[in-house]
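> Full structure from sequences and hints, please.
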Amino acid sequence: DEPAGEQTAQAASGVWVFAEQRQGQAPEVVAELLGQGRKLADELRAELAAVLLGHGVEGLVAPLMSQGADVVYLIDDPRLARFNDDAYADALAALVRDRRPEVLLAGATAIGRSLMPRLATAVATGLTADCTGLAIDRERGLLLQTRPAFGGNIMATIVCPQARPQMATVRPRVMKAAQPDAARRGRLERVTLSSDVGGGSAVLEIVAEIEDQVNLTGAEVIVCGGRGVGSAEGFELVRQLARELGGVVGATRGAVDSGWIGHAHQVGQTGRTVAPRLYIGLGVAGAVQHLVGMQSSDTIVAVNKDPQAAIFQAAHYGVVGDLFEVVPAMIARLRQRRGQDQASAADQKC
Amino acid sequence: MKIIVCVKQAPDSANVKIDPQTHTLLREGVAAIINPFDLFALEAALALRDEHGGRVDVISMGPAQAAEAIKETIGYGVDEGVLLCDRAFAGADTWATTAALAAGVRHMGGADVIICGKQAIDGDTAQVGPGLAQRLGLPHVAFVRRIRQVGAESMVVERQMDDGHDVVEVKLPCLITVVRQIGQVRPPSLKGKMRAKKYAPTVLGAVDLGLDPAQVGLAGSFTQVVKVFAPELGGEHRLWQGPPQETGARLVDALIDGRAIILGE
Ligand SMILES: Cc1cc2nc3c(=O)[nH]c(=O)nc-3n(C[C@H](O)[C@H](O)[C@H](O)COP(=O)(O)OP(=O)(O)OC[C@H]3O[C@@H](n4cnc5c(N)ncnc54)[C@H](O)[C@@H]3O)c2cc1C
Ligand SMILES: Cc1cc2nc3c(=O)[nH]c(=O)nc-3n(C[C@H](O)[C@H](O)[C@H](O)COP(=O)(O)OP(=O)(O)OC[C@H]3O[C@@H](n4cnc5c(N)ncnc54)[C@H](O)[C@@H]3O)c2cc1C
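Sequences listed follow chains D and U, in order.
Note that the working numbering has the first sequence beginning at 1, numbered continuously upward.
Note that the working numbering has the second sequence beginning at 1, numbered continuously upward.
These are computed hints drawn from the structure, not numbers from a lab.
All C-beta atoms, glycine included, are put in the ideal place defined by N, C-alpha and C.
One thing to keep in mind: the hints can contain errors.
As the list claims (entries may be wrong) - Sample of chain U residues facing chain D (criterion: CB under 7 Å; computed from the structure): (1) His107; (2) Met108; (3) Gly109; (4) Thr125; (5) Gly164; (6) Val168; (7) Gln184; (8) Tyr199; (9) Phe222; (10) Gln224; (11) Val228; (12) Gly248; (13) Asp257.
Stated by the list, open to error - Derived coverage of chain D by chain U (criterion: at least 3 residues anywhere in the stretch with Cβ under 8 Å from a Cβ of chain U; other residues may be distant): (14) 112–122; (15) 128–141; (16) 150–158; (17) 252–265; (18) 289–300.
Here's what the structure looks like:
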């Protein structure tokens, strides 16, 4: 028998998404949560709600609706102007107690991973961390929450059978973002903040750090160099292929630790999580800490001289060979095909 | 200043794999270590004690062998250690873990500052710190990378965010979780090592803490792990071997055909 949460399955309904915002900007993960939340809500035949906390953030309501929210709960209050855990948790806990959602999702961001455990504890329910997969178990109507643990070496599927809401934080760039549809309409519900919310911490200053000029997370194509690249000079070839493909250069921790390229380029557990349309690993062994950061890429390509390299298990396409021979051949072929394709386009015009 | 550090003993997670036949965790022969982030927490605590005086105690929930982790912290200069050890604690999720830790912290008389690691390298949830703070009714700041100053009633810390950092003032008593940048732990002292050798932590069970066994461990958990499996990677595979001119060209052709490379971009 499980502990009795404050709320049990019977009374709960609705899928909620925590619409995180920071200085009026919602991170990309909010659209991803709405995309996934819409699917779950449809399957449960329930409403999809977005919960928006802050001050002067009403401008975000319409985009949330166009991304699929049937209802937006807005708590607009000066005490919520800057993110602080106990006020945010108190505000959300009161709303959760009042409206009883069945599912509550948040991004596994700095804010989500700090706030959600506090909220889950406040409302006495379970919380699954950093999920990469969410589905409904048709038989029991439960949320199946899949997440990596042990540094990505294993995956676990977790359920919260009794208490409600079933809460999860979701890793950014894993779920497909909702496509905005300006014609979609939703309902706005303003909620007033009760007088007694926590004030244990206060943000004095927000310091944006100029993000490295490497836009790894937004890149469509990433060409990633590993220790097999051999030197800082060797990375010139990686850059060249990236340029040919209109892509961005990534690196393994092996290459970064060797000092051949900056940490801003690192892909993996302690670097960036990426999911480009095309990932090409050159001289990358395929350690699990690297794989967890790129395994959701649409197409994974590996060039490695060791046929046993682990990356070939993850790759859709692989070439066994010396990257310093294979990559120039790839570039030559690319240029040739570009020439060909231009020629064939020209043919059609004539 | 009274500081409590939460320390978890964890398997060296890089070496934990799934048995492909039985789908169970292969932990055999995998060394148990102090969760690396908890050593950063320990350093933060020791640095606070250096500057403001007081004491640093550690608390750990785990099996009997976790006493080794506590002993190791004594070597680094910790004053006293408490091990929460009871069959009833086994299989806890983070909710049940914080139930035990909160009772343990209360038993120890509370603290001005409780410090946790950012996350454990096995469970990887990062939920215990914030959950424990809520249980104890304390404010918390997660992902602290620097403690700027400590006053009588509050302290000012830098919190690592996705896009930079926040400077946060938090009232005491409070809980923080720390990231790597807070600093590597100092080497253990000779005196500390000597003390560690003979040291035995206080061991407390559920009943000692006034906890109902139904509130802790697996029985007291909301979440249930229903399946563990090895990460699934890749889909269809195509592997070429041979002269690079040929394989390189074939690869490019396949990528263009599969529209992974879109010409004319
Ligand atoms: C807690 C933790 C976190 C980590 N986080 C990350 C992370 O975020 N990102 C990350 O990448 N790693 C991370 N690592 C490190 C990871 O475990 C590996 O050590 C690292 O990814 C290895 O980098 P590599 O593949 O470049 O190097 P190696 O393992 O040295 O592999 C080099 C590969 O290049 C091949 N090669 C050599 N020469 C050539 C050639 N001429 N042509 C073709 N192939 C060649 C070799 O066959 C080999 O497979 C982490 C480790 C730990 C413990
Ligand atoms: C595969 C797998 C997946 C899991 N997924 C979830 C999940 O999604 N949700 C969930 O609620 N539980 C989950 N658990 C259970 C979870 O691992 C345990 O509750 C564990 O006791 C604490 O969580 P953690 O290891 O994630 O610690 P974290 O919350 O990551 O640890 C943060 C900090 O809290 C302190 N701390 C953590 N544990 C202890 C301890 N025992 N003693 C002293 N200090 C401690 C340390 O300072 C540590 O640095 C999972 C367990 C497994 C095996």
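> So, for every hint listed, does it hold in this structure?
Hints and how they fare:
no., hint, in the structure
1, His107, "violated, 19 Å"
2, Met108, "violated, 20 Å"
3, Gly109, "violated, 20 Å"
4, Thr125, "holds, 4 Å"
5, Gly164, "holds, 4 Å"
6, Val168, "holds, 5 Å"
7, Gln184, "violated, 15 Å"
8, Tyr199, "violated, 30 Å"
9, Phe222, "holds, 3 Å"
10, Gln224, "holds, 6 Å"
11, Val228, "holds, 5 Å"
12, Gly248, "holds, 3 Å"
13, Asp257, "violated, 10 Å"
14, 112–122, "holds (count 9)"
15, 128–141, "holds (count 3)"
16, 150–158, "holds (count 9)"
17, 252–265, "violated (count 0)"
18, 289–300, "holds (count 7)"
Checked against the numbered hints above, the structure violates hints 1, 2, 3, 7, 8, 13, 17; every other hint is satisfied.
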